[in-house]
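Heads up: the sequence lines are chains A and F, in that order.
As numbered in our numbering, the first sequence has no gaps in its residue numbers, which increase by one up to the final residue, 326.
As numbered in our numbering, the second sequence has no gaps in its residue numbers, which increase by one up to the final residue, 220.
It is worth saying that the hints were derived from the structure and are not from the lab.
Computed from a predicted structure; not experimentally measured.
Every residue gets a Cβ at the ideal spot worked out from N, C-alpha and C, and that includes glycine.
Careful, some of the hints might be misleading.
Unchecked claim - Ranges between beta-carbon positions, derived for each pair:
#1 A:Ala275 <-> F:Ala72: 49 to 55 Å
#2 F:Cys176 <-> A:Pro313: 58 to 64 Å
#3 A:Ala275 <-> F:Asp185: 40 to 46 Å
#4 F:Glu129 <-> A:Thr110: 49 to 55 Å
Unchecked claim - Which residues of chain F face chain A? A partial, calculated answer using Cβ under 10 Å:
#5 Ser(-6)
#6 Pro1
#7 Gly5
#8 Pro6
#9 Ala12
#10 Gln85
#11 Ala86
#12 Thr99
#13 Ile115
#14 Leu121
#15 Met128
#16 Met167
#17 Ala197
#18 Leu199
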Amino acid sequence: MQYNSIAQMLTLAETHNMSLWQVVLEAEMAQTEQSADDIFRRLSARYEVMRRSAKRALEEPLPTIGGLIEGVASTQHTYAATGGISGEFINRLMAQALSASEVNASMGKICAAPTAGACGVLPSVLMSVGEKYDADNQRILEALLIASGIGVVIMTNATVAGAEGGCQAECGAAAAMAAAGAVYLAGGSNQTTERAVAIALMNVLGLVCDPVAGLVQIPCAQRNASQAVNALISADMALAGMDSVVPADEMIDAMFQVGRMLPASLRETGKGGTAGTPAGKAIYRRVFRDR
Amino acid sequence: MLSIFDVTGPVMIGPSSSHTAGAARLAQVARRLAGRPFTRVTFGLHGSFHDTYLGHGTDLALLAGALGYREDDEALRDAKALAGAAEVTYSFHQADLTDYHENSVEITFHFSDGDTFDVIGSSIGGGQILIRRVNGMEVEFSANLPTLLVYHQDKPGMISEISSVLSDAGINIGLMRYTRRARGCVACAVVEMDDPAGPELVATIAALPDVFSAQAVDLGDREDRHHAV
């Protein structure tokens, strides 16, 4: 069993009367000659690292190089209890995404998904939505399988490197993957999953990669939080019955095309966008002179 | 087709797979190649490694790797204190390694007897590495598989000598590459194997006639490393 597009994933699921996670699992088994148990064991180990990274900075700030995002997760987590404007659920989701970003920037242990810079999106979405729907660990791993399968297609037909495709390829790809996992956890159909992926990419198309001082902190942490939210609202739009009109596979192609049109200054060079602002440049000078 | 573990993974210490995780792996391999306790280690940083190392903890990852810590060990960030505790001094400088990849480093180990050992390697993305030069000898290996380096006199019959020792031990050779300084001089065999060669086996090969030395590098945890592209 093998797939190179999301359309193929859906066709395989329909032909063999399987869930999408079973398609991804069967393809992985065929590809790597590993047993289902081995694959679940490895996936579980990675999910555990994800989970820890999304919790670790919730209670106390972690020191990061230059200190740009030190404490953002705990601050958001404290605020979440008040409900804020977007409610406790969304604020906690964002705090978890920020936590993984903070851990990453403090030289802590993370699981790249699909990259280190985007490591907060998938854990925060799987944890928050999993909890909301009372999913057990097995079901969360099944959602992670689906998300990873979507990631395989994006990596195969486009890119997940910020240097190639901008932030839309990193946090955007993570949002598309997470949206698929969220639909599964909420009990949505395969077609709904496909639509959620397409909508998530529509919402993020054109997002540039512009890290201040080249550090994976600002605006990377904010993007992890906002793309976690994108995953949820895209899943919700699809679950509500919205037709994406454009298929997910075509949105993946579009994301890749847009990425290639981005100038180098907006592809992880730390030169344009947020990095190129006077404040961004001042931080560059401060961080590297201080050391 | 890609594996899902190419997408969801690797597990690593942030913030960068190439500038942090790859750097730690490079130094770990170099340490194993050096093969004995050292008192000082210096790092010549080239290209993007030099330009961005402060922001990505590349210096800490390299130093921790040289001290034997893995790329997923949070001890990386305490590398300087660990070096102090191990009574190892270190320094970082800019190096011109133009012939090599943008993310390359020259790692030099200094021993108490005044001898040195020098390795050049590159971090080529996603935590993957290539070792390019060992003590002046041009090589190329990724350390994804257990690897054996055998230095010997450049003369006929050496390949079969080495491979027969390995085959007697039931070890399958995945790839064997050769480099030599000049004809009839020192040759270096780089042998990538499906299973690690134990210390006795390495000693057996080192004791073969006309073999000067043999070194084994095995970073372990192969199942995951295969997929950590």
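The hints, checked one at a time:
Distance hint check for A:Ala275 and F:Ala72: the Cβ-Cβ separation is about 54 Å, which falls inside the suggested range of 49 to 55 Å. A C-beta distance of roughly 59 Å is found between F:Cys176 and A:Pro313, which places it inside the suggested range of 58 to 64 Å. A beta carbon spacing of about 52 Å between A:Ala275 and F:Asp185 contradicts the range 40 to 46 Å that was offered as a hint. Separated by about 52 Å at the C-beta atoms, F:Glu129 and A:Thr110 satisfy the suggested range of 49 to 55 Å.
Evaluation of the F:Ser(-6) hint against chain A yields a held restraint, the C-beta minimum of about 6 Å falling below 10 Å. At about 6 Å, the closest approach between the beta carbon of F:Pro1 and any beta carbon in chain A falls short of 10 Å, and the interface hint on this residue holds. A cut of 10 Å between beta carbons decides the hint on F:Gly5: the least distance to chain A is about 3 Å, and the hint holds. Taking 10 Å as the C-beta cut-off, the interface hint given for F:Pro6 holds, the closest approach to chain A being about 4 Å.
Against a cut-off of 10 Å between C-beta atoms, the interface hint on F:Ala12 holds, since the closest Cβ of chain A lies about 8 Å away. For F:Gln85, the suggested interface contact is broken, since its CB lies about 14 Å from the closest CB of chain A, more than 10 Å. Given the 10 Å rule on beta carbons, the hint for F:Ala86 is violated: about 19 Å separates it from the nearest Cβ of chain A. The interface hint given for F:Thr99 is violated, since its Cβ lies 23 Å from the closest Cβ of chain A, which is over the 10 Å cut-off.
Annotation: F:Ile115 was flagged as interfacial toward chain A, and the flag is violated, the nearest CB pair being 13 Å apart, outside 10 Å. Evaluation of the F:Leu121 hint against chain A yields a violated restraint, the C-beta minimum of about 19 Å exceeding 10 Å. With 10 Å as the threshold, the beta carbon of F:Met128 stays out of range of chain A, its nearest partner Cβ sitting at about 32 Å, so the hint is violated. Hint status for F:Met167: violated, given a least beta-carbon distance of 25 Å to chain A, over 10 Å.
For F:Ala197, the interface hint is violated, the least distance from its beta-carbon to any beta-carbon of chain A being 35 Å, above 10 Å. Checking F:Leu199 against chain A: minimum C-beta separation of about 35 Å lies over 10 Å; hint violated.
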